[in-house]
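Please put together the full structure from these sequences, using the hints given.
2 protein chains.
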Amino acid sequence: MRLLIIEDEPGIAGFLKDGLEEEYFAVDVAYDGKSGLDHAMTNEYDLIIIDWMIPVISGIEVCRQIRKSGSVVPIMFLTAKDTLEDVLFGLEAGANDYIKKPFAFEELLARIRVQLRSKHQGDDSLRAGHLNINPGTHQVFYETSEITLTPKEFALLEYLVRNKEKVCTRSRIIEHVWDIHFDSDTSVIDVYITFLRRKLEHAGCGNLIQTIRGVGYIIRES
Amino acid sequence: MRLLIIEDEPGIAGFLKDGLEEEYFAVDVAYDGKSGLDHAMTNEYDLIIIDWMIPVISGIEVCRQIRKSGSVVPIMFLTAKDTLEDVLFGLEAGANDYIKKPFAFEELLARIRVQLRSKHQGDDSLRAGHLNINPGTHQVFYETSEITLTPKEFALLEYLVRNKEKVCTRSRIIEHVWDIHFDSDTSVIDVYITFLRRKLEHAGCGNLIQTIRGVGYIIRES
DNA sequence: GGTTTTTTTAAGCCAATTTTAAGTTTCAGC
DNA sequence: GCTGAAACTTAAAATTGGCTTAAAAAAACC
Chain A
125 MRLLIIEDEP GIAGFLKDGL EEEYFAVDVA YDGKSGLDHA MTNEYDLIII DWMIPVISGI
185 EVCRQIRKSG SVVPIMFLTA KDTLEDVLFG LEAGANDYIK KPFAFEELLA RIRVQLRSKH
245 QGDDSLRAGH LNINPGTHQV FYETSEITLT PKEFALLEYL VRNKEKVCTR SRIIEHVWDI
305 HFDSDTSVID VYITFLRRKL EHAGCGNLIQ TIRGVGYIIR ES
Chain B
125 MRLLIIEDEP GIAGFLKDGL EEEYFAVDVA YDGKSGLDHA MTNEYDLIII DWMIPVISGI
185 EVCRQIRKSG SVVPIMFLTA KDTLEDVLFG LEAGANDYIK KPFAFEELLA RIRVQLRSKH
245 QGDDSLRAGH LNINPGTHQV FYETSEITLT PKEFALLEYL VRNKEKVCTR SRIIEHVWDI
305 HFDSDTSVID VYITFLRRKL EHAGCGNLIQ TIRGVGYIIR ES
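Heads up: the protein sequence lines correspond to chains A and B, in order.
According to this note's numbering, the first sequence is numbered sequentially starting from 125.
According to this note's numbering, the second sequence is numbered sequentially starting from 125.
It should be emphasised that the hints constitute simulated quantities derived from the structure, not laboratory data.
Mixed in with the good hints there might be a few duds.
Here are the simulated lysine-lysine pairs, DSS-like style, with alpha carbons at most 25 Å apart [stated by the list, open to error]:
#: 1; chain 1: A; residue 1: 224; chain 2: B; residue 2: 225
#: 2; chain 1: B; residue 1: 141; chain 2: B; residue 2: 276
#: 3; chain 1: B; residue 1: 224; chain 2: A; residue 2: 225
#: 4; chain 1: A; residue 1: 323; chain 2: A; residue 2: 290
#: 5; chain 1: B; residue 1: 276; chain 2: B; residue 2: 192
#: 6; chain 1: A; residue 1: 224; chain 2: B; residue 2: 224
#: 7; chain 1: A; residue 1: 158; chain 2: A; residue 2: 224
#: 8; chain 1: B; residue 1: 141; chain 2: B; residue 2: 225
#: 9; chain 1: B; residue 1: 323; chain 2: B; residue 2: 276
Right, dumping it as structure tokens:
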């Protein structure tokens, strides 16, 4: 589990880093908002801890920017404030939890575990490269832009991505996506592959679906 | 919003059910741990309230079992204890919040609202663009003008806004807003979407609710 | 108990999606 | 390079599903 801590006070940052590393987390530290945001955007973390009051860019703004990029990484705030108003303000900016300073390390740890648990199990999205598919909401994203698909288009793409790196034969596709179990000489698959390719291309995600002539199709990560 | 209460004292259970239904939640009650766990596993709730001390299976064990199944539903504990030790124990078991008995109904309500807010998605407040929803007073404002909604209209709009930027499927809507859990070919949703759109349009807030054909609806900020 | 408001049902219409079908292009093997 | 099979593209037909309206049923209010 990889964590990012954005905290300017070296004392607190060091205390957190050491304590969390003892718990076998991989911990990065950033000492201001700008550098923290930089880290968050260029690396993949399992959780981010942000102090409310940090230099250059405020904690709340960092949080907002991270959410704006489409990331759903769990974010926890460290704050000296704990009026209901401030808490709500933080939650609105996209935070998942907050903890008031001074805090017991034990409590922080327990709350981190709650967040990690809930995030990991809640995220059942499928991926292929920068393409993200969420079967729960029927949404597809390429990087940060959403691709709107019809139900059949979605079902086909979902099947291909679930079986990425594997060749999907035409007969398997027609069975799994169309639920047709007898031989038929339909060309729906061709048509829908065309639809999908067009929409993916338009979103900047060209060349994802490759043809295996005489057999079927395949999606490769690279 | 659909809640489950697991509480063996009929007095408290009834008091909670009535009070929460007055606030337009859909409320189910279970009177022991076993039946509560059963409900939790076979239905989808937005939040679960569990008493620490209940018969057959303890509250803490019910909580653990729910988490073990992979569910991330917010769980709140009712408890007579509130030492740090007990709180940590509850958090470890997978709870999101706890409230000490005896409690004020108002406080419970506020905590429920915080959980619902923070859970559904990071940047979720009950706002969508210039639309403002107040679950406490059941009022809706667009900019400065109030929009008068019936209870069902309000519940539907609230559910959509709580899940803004996410697709709300027809089956989820019928479960969480109408509390209907079997397949039915009703068209109430369509009708209420029409009602809402008409009232929103009339207030100058057109185009808020978008249709995802074959799937459901979504509210987007922009 | 009657009146008003809210909720649900049902039916016709329209638009988006899905399928069919036909013409065009690409590719592998000769 | 030729040839035939497979895949691609396009347009039009068929189907499905959502929107709207009106009226019936249920609930809330006096």
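Given the proposed pairing of residue 323 of chain A with residue 290 of chain A, does the C-alpha separation stay at or below 25 Å? Since the Cα atoms of residue 323 of chain A and residue 290 of chain A sit roughly 22 Å apart, the hinted pair holds (cutoff 25 Å).
Restraint check for residue 158 of chain A with residue 224 of chain A, where alpha carbons must lie at most 25 Å apart: 23 Å, holds
Check the hint pairing residue 224 of chain A with residue 224 of chain B against an upper bound of 25 Å on the C-alpha distance. Within the cut-off at roughly 20 Å; holds.
Compare the distance between the alpha carbons of residue 141 of chain B and residue 276 of chain B with 25 Å, and conclude whether the hinted pair is satisfied. Cα-Cα ~18 Å, so holds.
Can the restraint linking residue 224 of chain A and residue 225 of chain B be considered satisfied, given a maximum Cα separation of 25 Å? Distance of about 23 Å is within 25 Å: holds.
Can you confirm whether the C-alpha distance between residue 224 of chain B and residue 225 of chain A stays at or below 25 Å? 22 Å, holds
Satisfaction of hint between residue 225 of chain B and residue 141 of chain B, Cα-Cα up to 25 Å: 17 Å, holds
When you check the alpha-carbon spacing of residue 323 of chain B and residue 276 of chain B, does it fall within 25 Å? With a Cα-Cα distance of about 13 Å, the restraint between residue 323 of chain B and residue 276 of chain B holds, given a limit of 25 Å.
Within 25 Å, alpha carbon to alpha carbon, are residue 276 of chain B and residue 192 of chain B? 34 Å, violated
Hint compliance for this structure: hint 5 alone is broken.
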